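If you want the building blocks of each chain, they are given just below.
Protein chains: 2
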Amino acid sequence: MAAVNLKQLAKILNLSISTVSKALRDSHEIGDATKERVLAKAKEMDYTPNPFASGLRRNKSKTIAVVVPEVANNYFSLAINGIERIAQENDYHVLIYLTHEDIEKEKGIMKHLENKRVDGVLMSVTMNTSNQTHLSDFQQKGIPIVFFDRICNEIETAKITTDDYISGINATKHLIENNCKDIAFLSLGDEISIMQKRKSGYLEELHKNNMEAKPERIVKCGNDDEMNYQLVKELLTGKNKPDGIFASVEKLAITTYQVCRELNINIPEEVKIICFSNLETASLLSPSLSTITQPAYNIGKTAAEVMFKYLDKNKTYIPNENIVLQSTLHIRESSQQIV
Amino acid sequence: MAAVNLKQLAKILNLSISTVSKALRDSHEIGDATKERVLAKAKEMDYTPNPFASGLRRNKSKTIAVVVPEVANNYFSLAINGIERIAQENDYHVLIYLTHEDIEKEKGIMKHLENKRVDGVLMSVTMNTSNQTHLSDFQQKGIPIVFFDRICNEIETAKITTDDYISGINATKHLIENNCKDIAFLSLGDEISIMQKRKSGYLEELHKNNMEAKPERIVKCGNDDEMNYQLVKELLTGKNKPDGIFASVEKLAITTYQVCRELNINIPEEVKIICFSNLETASLLSPSLSTITQPAYNIGKTAAEVMFKYLDKNKTYIPNENIVLQSTLHIRESSQQIV
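Sequences listed follow chains A and B, in order.
Take 0 as the starting number for the first sequence in numbering that gives the first Met the number 0 and just add one per residue.
Take 0 as the starting number for the second sequence in numbering that gives the first Met the number 0 and just add one per residue.
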């Protein structure tokens with residue numbers, strides 16, 4: 000005798016398929032009495048959920064997915080290590096998906112994950128993720144998302160970040176204290192909230208010091224390394240170049256080093272540099288690179304801990320929560336005034 | 000009316016379940032006549048394979064898995080980018096799994112993948128993968144594996160590597176030409192074939208130059224960064240230290256730089272360094288680092304191309320093939336004699 004399927008189970012219970020499905024998913028839309036009745040009948044009829052139907056919490060896949068822009072980046076690879084540590088403790092597998100900063104790819108991955116057996120998704124969105132319909136649609140399927148680093152404010156769930164605004168202020172303040180009079184900000188796009196916060200910190204500190212925030216000093220870089228190189232080269236060519244650079248992400252600092260080498264610009268004598276970075280070789284560079292170092296490993300670890308707190312209770316709904324972990328300023332040669 | 004399952008299909012055909020399963024998987028163990036009979040009957044009876052049964056090539060998941068030791072490593076992150084490029088062209092998703100050099104974790108992942116719908120696996124084994132039963136067992140399930148970089152010679156399939164032996168010779172030769180008289184080799188374990196090849200190149204070149212290969216000059220490092228630091232520190236402490244170091248992997252060169260900084264040892268005056276590396280910042284280090292740069296992106300790309308060549312033909316059996324892509328020697332400051 001074949002076991003009943005979802006349709007048959009719904010008929011026996013005299014409920015709609017959607018109601019039974021939601022009850023099995025522990026949706027908040029369904030009352031406790033109905034949930035209990037559905038679960039009891041499902042057990043009685045030996046109902047085996049279709050393993051490809053998503054969000055059936057009683058049928059855990061013991062798998063979580065991590066969706067990030069790239070791994071050729073120390074921040075994300077460290078965050079993944081933090082996630083893996085917690086997943087391992089919980090006897091879970093981790094699947095990693097890369098979006099390569101492509102919003103269409105991100106949409107495709109979320110579509111793919113809907114039909115896969117994953118219990119939850121930890122993610123950092125692409126630099127171009129402004130519309131979030133694909134993410135709210137995904138949540139509707141009953142699979143929880145937790146954001147880290149590149150979050151979506153509009154989506155209700157837990158979000159783990161660092162203190163981007165304060166760090167933006169501190170980095171800019173440090174450059175000003177080291178006698179920079181004309182500081183440029185290298186941004187990665189301008190859609191995502193962490194960029195806006197870092198930039199706000201930069202603008203706020205300039206304002207506080209009565210320094211003009213010239214629009215041409217905010218350079219909007221992107222995912223094309225060659226284009227970024229050209230943009231930074233333009234910025235640093237000619238007499239009217241800035242004397243300080245605040246790079247919002249690691250790769251733009253490396254690009255700046257490469258451009259300075261090509262143009263024979265001395266760091267820090269002619270231009271001082273500081274950046275958000277988890278580069279392992281920061282202290283070994285010539286000159287050593289000043290960084291705002293994010294607690295990447297702990298951010299990943301915390302995101303996973305929050306996810307498992309809810310998965311353990313079979314909850315697919317995670318309420319809004321903002322967890323902010325502090326970054327640390329590491330002052331090295333690249334940003335210091337030589338006296 | 001419910002569709003037939005594998006058991007019912009086998010009964011109708013008067014064949015064993017195993018034979019029908021193998022026929023559907025296009026196994027070379029089954030003759031063409033039987034395969035045709037099975038496929039025709041499966042079609043007639045509207046047989047839908049269980050999506051969790053592995054290796055049913057007719058029911059493609061459009062997903063491949065990549066299993067690698069880590070991503071906090073430029074080689075693997077570049078190789079993954081090469082794989083993703085080809086997967087994208089083929090409209091496939093890529094799942095990435097990390098073993099963290101843990102053979103038990105690798106076994107667990109392969110077990111997990113058996114039950115997942117992936118069409119193929121591209122992998123680089125852990126530094127401790129000496130026994131390969133879990134990999135040959137996996138192949139038996141009808142899911143093809145292609146190895147890249149860290150391969151298993153015993154497993155029959157395509158293997159993509161770089162010219163590790165020749166590169167080992169070239170790196171050692173370069174140090175000797177730059178007047179090194181006592182060269183140490185930093186190994187990552189000694190189980191995997193690429194390590195053995197790099198070491199063989201080193202030993203061969205010493206022998207050719209009538210230089211003694213002292214056992215204590217071969218330092219077996221591992222996955223514990225602190226232990227590696229201590230091992231390199233011991234090597235470089237005291238008067239009897241080597242004047243050349245050939246690091247078999249990138250992270251051991253970074254460790255060597257850090258140790259030299261702590262012990263105030265000048266590179267390249269007191270000790271010269273060269274290593275296998277895809278470090279983006281190699282030329283920006285102080286001093287700039289000489290590297291044997293592997294074509295990481297192309298190795299990943301080639302591994303994926305080979306996989307898709309067979310997947311396109313619905314073949315799950317990939318014959319033995321060794322594809323070797325050349326590495327390039329980049330001589331920078333760290334290994335050169337100062338005249």
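Read the hints as simulated data drawn from the structure, not as lab findings.
Hints are not guaranteed to be accurate.
Pairs involving identical chains hold if they fit within one copy or between any two copies, as the list cannot separate such chains.
Taking lysine to any residue and the SDA-like style, the derived pairs with C-alpha atoms no more than 25 Å apart in a straight line are [said to hold, decoys possible]:
(1) K40 <-> L205
(2) K6 <-> G107
(3) K172 <-> Q7
(4) K21 <-> D136
(5) K172 <-> T132
(6) K59 <-> N178
(7) K61 <-> G188
(8) K40 <-> E153
(9) K140 <-> S60
(10) K10 <-> T292
(11) K61 <-> E103
(12) K21 <-> I102
(13) K312 <-> L5
(14) K232 <-> I29
(15) K61 <-> G107
(16) K61 <-> L328
(17) K104 <-> N297
(18) K172 <-> I317
(19) K104 <-> D311
Every value quoted in this text rests on a predicted model; they were computed, and no experiment measured them.
Checked hints:
no. : hint          : result
1   : K40 <-> L205  : neither (65 Å within a copy, 75 Å between copies)
2   : K6 <-> G107   : neither (28 Å within a copy, 35 Å between copies)
3   : K172 <-> Q7   : neither (66 Å within a copy, 74 Å between copies)
4   : K21 <-> D136  : within (15 Å within a copy, 39 Å between copies)
5   : K172 <-> T132 : neither (38 Å within a copy, 58 Å between copies)
6   : K59 <-> N178  : neither (57 Å within a copy, 61 Å between copies)
7   : K61 <-> G188  : neither (35 Å within a copy, 31 Å between copies)
8   : K40 <-> E153  : neither (37 Å within a copy, 52 Å between copies)
9   : K140 <-> S60  : both (15 Å within a copy, 20 Å between copies)
10  : K10 <-> T292  : neither (57 Å within a copy, 64 Å between copies)
11  : K61 <-> E103  : between (27 Å within a copy, 17 Å between copies)
12  : K21 <-> I102  : neither (29 Å within a copy, 40 Å between copies)
13  : K312 <-> L5   : within (23 Å within a copy, 36 Å between copies)
14  : K232 <-> I29  : neither (58 Å within a copy, 63 Å between copies)
15  : K61 <-> G107  : both (22 Å within a copy, 12 Å between copies)
16  : K61 <-> L328  : neither (38 Å within a copy, 44 Å between copies)
17  : K104 <-> N297 : between (27 Å within a copy, 22 Å between copies)
18  : K172 <-> I317 : neither (37 Å within a copy, 59 Å between copies)
19  : K104 <-> D311 : between (30 Å within a copy, 22 Å between copies)
In this structure, the earlier hints numbered 1, 2, 3, 5, 6, 7, 8, 10, 12, 14, 16 and 18 are contradicted, and the remaining ones agree with it.
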